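J.: Residues per chain are reported as follows:
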Amino acid sequence: MALREAPTALRRLARSTCTSCLRPSPSNRTYSSAAADDADLEPTSFTPPPRDASEFNPVGQSRARPKQLPASRYRFRSPKFYRGPLHPHQPPPPSDPSSRLFVPGPFSLPRLAQTYTSTIAPDMLAQTYTHVPLGQQRGPVGQRLRSWEGESPYFAGRPLRAPKGNAVLLPLHAPITFRNVPKIERVTVHTMASEAIKDSAYLHVAGMVVQAVTNVRAETHRARNSILQWGLKAGRYVSVTADLRGEDMHNFLAKVVEIVLPRIKEWRGLKGSSGDSTGNISFGIGAEGVALFPEVEVNYDMYPPKMIPGMHITVHTTAKNDKEARLLLSSIGLPFYGKLVN
Amino acid sequence: MEASVRLLHRYEMSATQHTLRRAFTAQAHPAKGVICRSCRAGIVRRHASSSAAAAEAAPAPEINILAEQIPRTAEHIPKAAPAVTQSYQMRAGVVLSRPPQITRDLTPFEKSFFLYQRRLNERLALPFTRYFYFRKDTPADIQYKRRVKERQTPARDIGKYNAYGAEGWNDELLVGAVESEPEHQMQELLKDAEEPTKEEETATSLEQPMPRITEADKLNDQKSLNRLLQRTLYLLVQNQQGRWVFPNDILQGRENLHMAAERVLVQTGGINMNTWVVGNAPIGYYKFDLLKPVVDGPNQVLGEKVFFMKARIMAGQADLATNLFGLKDFKWLSGEELQTHVSPLYWKSVRGMILER
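As given, the protein sequences belong to chains F and S, one line each in that order.
The working numbering numbers the first residue of the first sequence as 1 and each following residue consecutively.
The working numbering numbers the first residue of the second sequence as 1001 and each following residue consecutively.
Isolated chain F, as found in the complex (with noise of 0.2 Å):
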């Protein structure tokens, strides 16, 4: 309203007489833009007096406050439990510090990474790429499971039969371009102690191991099925996983293939029919190869002798196929031997 941009003296005199209609609301308030505007403006406490960023000293201007902000007012805690979505206090999402969920990180930008970027993933596309003549369109992709032929009725619901020969539907293979060039999606490092049914000390060193080498939280598995043969007992911890993605992943990778696979002795590389035919390739570590690990070596005398173990490691790739998932792993610096097996 008209009263609000009117001088200091006006308003003042209008307050006296009408304050309800100065009530403040969002859509009457005017913001001043010019310096001239502020000029008949009484000084606030708001305007901030000009400071040196060289001056600003947290610390010193809490430890001087006579006494400390109480943090039940100033700081948020996150519900310990979801009440649902009308409850008035609700938890923030995971990306906030204050959240319960929050987990730090990136930390770093792994050199690997890095160098996929830079060097790999453009390479890849260099050698996968398929011509395909302008205005040509790709062909229609077959059925993919069959369809029931016969007489009887009930083939009329059922839904449509694996494909012949094969139990597994495997992925389809589309043509690489720029959008999908196979990355290395995560990677798995799974253990096996199956001493541990007789003595539980070998998974927790399995679990150390584990843990000091891929800097991921271990977790551990049951048996399922008792083997007498392997000394295996149903329901039983044997086994110790952690699951890398990101950064880890890119540290354990370009650790394992510069510091721990050159060293150990008369390595051949990886099998060529290593993988399971969707892009997902796996080779094992023995145990004298895993004390090669810094994290280990560093300390080498505090693990118990013959209780290091020997690990898997899966690299899942976004690779749809076999044969682009070694590419992929052979131009980070894993060679292939033998037969290569699609």
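The hints are simulated quantities; they were obtained by calculation from the structure and are not laboratory data.
Quick caveat, the model's predicted, so the values are computed rather than measured.
Check before you lean on any hint, since a few could be wrong.
As the list claims (entries may be wrong) - Example chain F residues on the side facing chain S (calculated, C-beta under 7 Å, incomplete):
no.	residue
1	Q114
2	Q127
3	P163
Claimed, not checked - Calculated cross-link-like contacts (lysine to any residue; reagent style SDA-like; alpha-carbon spacing at most 20 Å):
no.	chain 1	residue 1	chain 2	residue 2
4	S	K1136	F	V296
5	S	K1160	F	S54
6	F	K265	F	A201
7	F	K255	S	K1160
8	F	K183	S	W1169
9	S	K1160	F	S152
10	S	K1136	F	Y300
11	F	K271	F	S330
12	S	K1348	S	R1243
13	F	K183	S	P1099
14	S	K1223	S	Q1240
15	S	K1160	F	F107
16	F	K339	F	W267
17	F	K339	F	N299
18	S	K1145	F	N299
19	S	K1111	F	R111
20	F	K67	S	W1169
21	F	K323	F	R268
22	F	K255	S	W1347
23	S	K1136	F	E297
24	S	K1136	F	Y303
25	S	K1305	S	P1344
26	F	K183	S	R1357
27	S	K1149	S	K1160
28	F	K306	S	F1132
29	F	K306	F	N321
Stated by the list, open to error - Far from chain S, by Cβ distances over 12 Å, these chain F residues were calculated:
no.	residue
30	Y237
31	L261
32	V298
Beta carbons are placed, not taken as given, at the ideal position from N, Cα and C, and that holds for glycine.
Once you've looked at the hints, dock chain S against the given chain F.
T.: Positioned in the frame of chain F, the structure of chain S alone reads:
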């Protein structure tokens, strides 16, 4: 220019399926032109699908093949005089590059973000298990305790910060702080990695890592491969006309682009280069149209088309002493420098092949 390297583009109609097929199977003939396999397949497919139309001798102007290749039988020779064939000179180019050798410099935002996240992690993580790594009362243990007391945290690269103390909230850096600088963090790590010594002995200092800025960077030696370690460097040569281009040459005989690229590399930079031609498909092309077609025998040359193959240099250095193309000079340039050396038209064609880093 050889007759074998022409890609002819304007083919007059009246070609039946029979003639066409014979034309495409005539690839084995020496001194016949070059046409890529996929284009050939495309033409056959297109023709097969519209054979009825072709039977009516309808003009098919979209069909571009090598007119010369077609061995015309008497009944197939059109009444009109054969037109002059027009073609582009086919060339194979090589984009030889040296990939980045070191990690890139972080942006100021990344530096402060990473340090902030590390300090947050320090506040949230469980305490460091000292006795798993240091036996009690060993020199290493005593040294570790002294160092942690000094910096107040087990982490070596987050500066002096006590995550568990009453002032753990003070995890943000002030203006001008150096704790987030990788250089500073590296020095802190080196200081920490020094061997535990007795107090009277002087600490043994470790070897410093190699500098990220080399001598070639300081001298701006554009012939050196030790320059700009964080960037991809591309080999550019100065041809007889004085233009800066990627190494290239006319396709010879029946060689394919991959073979031609390998040949061009040897004939340009000599044998003292360990190179790898990546893939079999070109990564880009450059087309140059002459103002007026040049008549070359029965043909007209419209211009040139250069198809670029990607190659990486592993070791060695280019040496133009024995080059066969009369090249005057060479340089190893980053993407931005490359843009200033080549013509705007050339840059427009090749910029899609130049990587960001």
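J.: The structure should be examined with respect to each hint, and the outcome stated for every one.
T.: Tested hints:
no.: 1; hint: Q114; verdict: holds (5 Å)
no.: 2; hint: Q127; verdict: holds (4 Å)
no.: 3; hint: P163; verdict: violated (29 Å)
no.: 4; hint: S:K1136 / F:V296; verdict: holds (19 Å)
no.: 5; hint: S:K1160 / F:S54; verdict: holds (19 Å)
no.: 6; hint: F:K265 / F:A201; verdict: violated (29 Å)
no.: 7; hint: F:K255 / S:K1160; verdict: violated (29 Å)
no.: 8; hint: F:K183 / S:W1169; verdict: violated (38 Å)
no.: 9; hint: S:K1160 / F:S152; verdict: violated (78 Å)
no.: 10; hint: S:K1136 / F:Y300; verdict: holds (16 Å)
no.: 11; hint: F:K271 / F:S330; verdict: holds (12 Å)
no.: 12; hint: S:K1348 / S:R1243; verdict: holds (15 Å)
no.: 13; hint: F:K183 / S:P1099; verdict: holds (19 Å)
no.: 14; hint: S:K1223 / S:Q1240; verdict: holds (19 Å)
no.: 15; hint: S:K1160 / F:F107; verdict: holds (17 Å)
no.: 16; hint: F:K339 / F:W267; verdict: holds (17 Å)
no.: 17; hint: F:K339 / F:N299; verdict: violated (39 Å)
no.: 18; hint: S:K1145 / F:N299; verdict: holds (17 Å)
no.: 19; hint: S:K1111 / F:R111; verdict: holds (15 Å)
no.: 20; hint: F:K67 / S:W1169; verdict: holds (17 Å)
no.: 21; hint: F:K323 / F:R268; verdict: holds (19 Å)
no.: 22; hint: F:K255 / S:W1347; verdict: violated (40 Å)
no.: 23; hint: S:K1136 / F:E297; verdict: holds (19 Å)
no.: 24; hint: S:K1136 / F:Y303; verdict: holds (16 Å)
no.: 25; hint: S:K1305 / S:P1344; verdict: holds (17 Å)
no.: 26; hint: F:K183 / S:R1357; verdict: holds (19 Å)
no.: 27; hint: S:K1149 / S:K1160; verdict: holds (10 Å)
no.: 28; hint: F:K306 / S:F1132; verdict: holds (18 Å)
no.: 29; hint: F:K306 / F:N321; verdict: violated (38 Å)
no.: 30; hint: Y237; verdict: holds (21 Å)
no.: 31; hint: L261; verdict: holds (20 Å)
no.: 32; hint: V298; verdict: violated (7 Å)
The earlier numbered hints that this structure contradicts are 3, 6, 7, 8, 9, 17, 22, 29, 32.
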